[in-house]
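**Q** Chain by chain, the residues:
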Amino acid sequence: MKNPYLPEPCRIVAIKEETDIESTFTLKSSIRPQHGQFVEVSKPGVGEAPISVSGFGEGFIELTIRKAGHLTGKILESQAGETLFVRGPYGVCFPADLFAGKNLIVASGGCAVAPVRTLIRSRLADQEQVSRTSLLFGFKDPQSILFRDEIDDWKEAVPVVVTIDKEACSWTGKTGFITAHVPDVAIADPATSYAVVVGPPVMMKYTTQEFMKRGLSPENIYVSFERRMACGIGKCGHCKIDDSYVCVDGPVYRYDKALRLLD
Amino acid sequence: MNRLLKNKECNSLLGGLSADYRFFAPVRRAGRGRLSDTDLITYDQISSVEEIVWDEKTLRSAKEIMFPITETLMRFDQKTISQPSVVDNRGIVIFCRSCDIHAVSRLDKIFLDNGTSPDPYYERLREKIHFVLMECADPFKSCFCVSMKTNIPEKFIAAVREVDGGLKVLSQRRTLVDKLSTIGSECEFELHYPKQNGTEVFPPQTLDMPSELYDHEMWDEYSGRCIACGRCNTSCPTCSCFSVHDVMYDKDSGQAGERRRVWAGCHIDGFTDMAGGMEFRKSSGARMRFKTFHKIYDYRKRFGENMCVGCGRCDDICPEYISFSNCINKVSEQPGTQGESL
Numbered sequence: 002m003k004n005p006y007l008p009e010p011c012r013i014v015a016i017k018e019e020t021d022i023e024s025t026f027t028l029k030s031s032i033r034p035q036h037g038q039f040v041e042v043s044k045p046g047v048g049e050a051p052i053s054v055s056g057f058g059e060g061f062i063e064l065t066i067r068k069a070g071h072l073t074g075k076i077l078e079s080q081a082g083e084t085l086f087v088r089g090p091y092g093v094c095f096p097a098d099l100f101a102g103k104n105l106i107v108a109s110g111g112c113a114v115a116p117v118r119t120l121i122r123s124r125l126a127d128q129e130q131v132s133r134t135s136l137l138f139g140f141k142d143p144q145s146i147l148f149r150d151e152i153d154d155w156k157e158a159v160p161v162v163v164t165i166d167k168e169a170c171s172w173t174g175k176t177g178f179i180t181a182h183v184p185d186v187a188i189a190d191p192a193t194s195y196a197v198v199v200g201p202p203v204m205m206k207y208t209t210q211e212f213m214k215r216g217l218s219p220e221n222i223y224v225s226f227e228r229r230m231a232c233g234i235g236k237c238g239h240c241k242i243d244d245s246y247v248c249v250d251g252p253v254y255r256y257d258k259a260l261r262l263l264d
Numbered sequence: 000m001n002r003l004l005k006n007k008e009c010n011s012l013l014g015g016l017s018a019d020y021r022f023f024a025p026v027r028r029a030g031r032g033r034l035s036d037t038d039l040i041t042y043d044q045i046s047s048v049e050e051i052v053w054d055e056k057t058l059r060s061a062k063e064i065m066f067p068i069t070e071t072l073m074r075f076d077q078k079t080i081s082q083p084s085v086v087d088n089r090g091i092v093i094f095c096r097s098c099d100i101h102a103v104s105r106l107d108k109i110f111l112d113n114g115t116s117p118d119p120y121y122e123r124l125r126e127k128i129h130f131v132l133m134e135c136a137d138p139f140k141s142c143f144c145v146s147m148k149t150n151i152p153e154k155f156i157a158a159v160r161e162v163d164g165g166l167k168v169l170s171q172r173r174t175l176v177d178k179l180s181t182i183g184s185e186c187e188f189e190l191h192y193p194k195q196n197g198t199e200v201f202p203p204q205t206l207d208m209p210s211e212l213y214d215h216e217m218w219d220e221y222s223g224r225c226i227a228c229g230r231c232n233t234s235c236p237t238c239s240c241f242s243v244h245d246v247m248y249d250k251d252s253g254q255a256g257e258r259r260r261v262w263a264g265c266h267i268d269g270f271t272d273m274a275g276g277m278e279f280r281k282s283s284g285a286r287m288r289f290k291t292f293h294k295i296y297d298y299r300k301r302f303g304e305n306m307c308v309g310c311g312r313c314d315d316i317c318p319e320y321i322s323f324s325n326c327i328n329k330v331s332e333q334p335g336t337q338g339e340s341l
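Protein sequence lines, in the order shown, are assigned to chains X and E.
Going by our numbering, 24 is the number at position 23 of the first sequence; the sequence numbering is gapless.
Going by our numbering, 88 is the number at position 89 of the second sequence; the sequence numbering is gapless.
Bear in mind the hints are in silico, worked out from the structure with no lab data behind them.
Among these hints, one or two may not hold up.
So the derived label-pair ranges between C-beta atoms look like this [stated by the list, open to error]: (1) E:E126 x X:V14: 40 to 46 Å; (2) E:G303 x X:R12: 44 to 50 Å; (3) E:G276 x X:K29: 31 to 37 Å; (4) E:I151 x X:E9: 27 to 33 Å; (5) E:G276 x X:R12: 51 to 57 Å.
Rough simulated footprint, nothing fancy, chain X against chain E, three-plus residues with beta-carbon under 8 Å [stated by the list, open to error]: (6) 45–53; (7) 74–83; (8) 270–276; (9) 298–306.
In silico SDA-like pairs for lysine to any residue, Cα to Cα no more than 25 Å straight-line [unchecked claim]: (10) E:K78 x X:L77; (11) X:K29 x E:Q195; (12) E:K167 x E:Q195; (13) E:K78 x X:G46; (14) E:K108 x X:D243; (15) X:K44 x E:Q195.
As the structure is a computational prediction, the values presented were derived from the model and not from experiment.
Glycine included, each C-beta is placed from N, C-alpha and C at the ideal position.
When you get a sec, could you build the whole thing from the sequences and use the hints?
**A** Here you go:
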């Protein structure tokens, strides 16, 4: 049987600098993830970490990586042509089929736009879904905006709110946290609308509350958790919350379940 | 079949089987105890039954035989990644008590059943392992196996009782019966199991722990006492968490190295740390709650039985004298913990 811990070498075919501390790596890979899944990425000798997939297609995956620690720092020093080691995909995906034909609001903050990007792309590629989709993004400041060009393209098709935490010179758009803008999102019928909320724990806690104030039930909200993981396959125990293993039962959770997971 | 074997006969049986099997049992390592002038009682390989320690509990369980403290997952150089092979292909026979046999079934759930696929490193050691039950009619003071329903084991190839100068052996295993029939003499041997412990616990029964218990003030005391040393985790026969580290053989050349897993523990600082500085369960009290619920609630919710097997090692080893058995009972005294039983 195949050893699930052994990663595959994947060549970096392109690197796009998104911000000062984030880049998107395109890797040659046969891995076919679903929206919201993650892979374990490593550099031998440095370490391994779970990274969500921000894009995929025939023969490639994209990973948008923020320089946050030792491993990600080393990965960001990599050049095109070099190799990263990858295994996966892992975890529960967003239920895109459930969202089909329904209104969907995607709210995400900072580098958490990466795990929802493929879901958004697939919605916008389908004319049926476009009119039922709206997007809400929060970033720290104008310099931190991820996928800037792509978000501009999305604005052509669907309602998009981009907000930055505090006022900044050169910024004429919206300010404040995402929570402040949930009240303005058009929600025709909360009973048949879904929200995907992904970001840091505090952001998810308060943003989901805002959506619930708008009439969405926890059953219609999906979140995605981020945890330390050493295996990705339900063994190492680092990501366990209560009786749930984020790597196998998550990272995507329906909010009525997520609400009951207490760290 | 019941046989009485003199030590010499036992040893020649072990010797005869040593080409195909390794034998592990609780042994004494003189002067290596955690206090000065004390011995360490630990599981290790034996070649004679006189080495087996019957009257003291081992500091740690037998889990490191199938889940080594440090284990190489893969080796790598500039071009390739390879999986190390097993060094010793012999079968493994472990002499241990009922609680430790039950504990391995808890590890099996995590390493073989949980998640998307079995853990190949655990599986390849586990499939070699057989248990010989050491009769435990008179358990140690801190044990609570009867409360945890682990006093009677399920799977073992033979059971043994220490008698003066030898062992009484009981086995139904055909291959073993054939071997034993030519050694020693017939004897009476009715196996006794623990019926009562010095420590009694009442694990919660609910499948839906009241949410008030998650930040209940009962955990605050542990924040003040626990020093996050993780001894309870390492001594626990069912703690299965690990971290993974890459190590280069020669840091300067950076040519070759290996990826290792190492035991980790939920009480120890850094267990939940993520790149960027986020961490969960900062206080020792929150960690105590996490571990306690895992052992007597979460695991049961997921797998249908309690994880804790009541060996009492965590109570024996804690340098701050924190009693896990007492903690279980404190949880069970809270309203709403006795709900629906499995």
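**Q** I'd like to know which numbered hints this structure contradicts. Please list them from smallest to largest.
**A** 4, 5, 6, 11 and 15
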